[in-house]
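Chemist: Given next are the chains, with one letter for each unit.
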Amino acid sequence: AQSVTQLGSHVSVSEGALVLLRCNYSSSVPPYLFWYVQYPNQGLQLLLKYTTGATLVKGINGFEAEFKKSETSFHLTKPSAHMSDAAEYFCAVSGGTSYGKLTFGQGTILTVHP
Amino acid sequence: DGGITQSPKYLFRKEGQNVTLSCEQNLNHDAMYWYRQDPGQGLRLIYYSQIVNDFQKGDIAEGYSVSREKKESFPLTVTSAQKNPTAFYLCASMASGVAGELFFGEGSRLTVL
Chain F
-17 AQSVTQLGSH VSVSEGALVL LRCNYSSSVP PYLFWYVQYP NQGLQLLLKY
33 TTGATLVKGI NGFEAEFKKS ETSFHLTKPS AHMSDAAEYF CAVSGGTSYG
83 KLTFGQGTIL TVHP
Chain V
248 DGGITQSPKY LFRKEGQNVT LSCEQNLNHD AMYWYRQDPG QGLRLIYYSQ
298 IVNDFQKGDI AEGYSVSREK KESFPLTVTS AQKNPTAFYL CASMASGVAG
348 ELFFGEGSRL TVL
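The listed protein sequences correspond, in order, to chains F and V.
So for the first sequence, my numbering puts the first residue at -17; every next one is plus one.
So for the second sequence, my numbering puts the first residue at 248; every next one is plus one.
Here chain F stands alone, though its shape is the one from the complex:
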């Protein structure tokens, strides 16, 4: 079984500040890990993913995440927030024989203040 916990349902930052969204996972097999972004009343869009190889992965819009096996974490960061980053962010995990089935976290709403 797999699970994802996103720490903090709401995160608020100032424009230009560091963005840090936290994600911890549980998986009995080597995980595939993902971050998706959702703008209001829209579907989700893939930001980045980790499957194998380099543990620091870069995604679209300047976001990156680091897979830390020892901490079972996959936190999402961006050095400088932009107003357009305001959205809801979802961490997800899959793996093993169920690689086609993603388990999503509860989501974190990011607010960016001017």
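Simulated from the structure, these hints should not be mistaken for laboratory data.
Everything numeric in this text was worked out from a predicted model, so none of it was measured.
What the simulated footprint calls covered on chain F by chain V, stretch by stretch (three residues with Cβ under 8 Å from a Cβ of chain V suffice, anywhere in the stretch; the number is not a length):
1) 21 to 33
2) 63 to 76
3) 87 to 93
Note that the Cβ used here is the ideal one computed from N, Cα and C, for glycine as well.
Starting from the known structure of chain F, fit chain V onto it as the hints suggest.
Modeler: Chain V only, in chain F's frame:
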């Protein structure tokens, strides 16, 4: 442009009525998925299909039904047995061999009055 089309975008129904949500994709993807989204609960998997004429229950399949007669289409029926059907429904697809890269439609918001 390739993508996933969900319809209708908004739907209102009375209690006890079955409703069918449409999902069509022209990405030539083998796998298709239905998720339900409720505030603060993330996305929960209702049904998925990895090949035509075959589908599996997800985590919250009770009160829902699906069919997969064509590769491009994966409609979801919300039956009267679903106790709390008001929600945002998302359809997604995935290409074979591209683990986890789901492509989503824009969703259908169902409100039961």
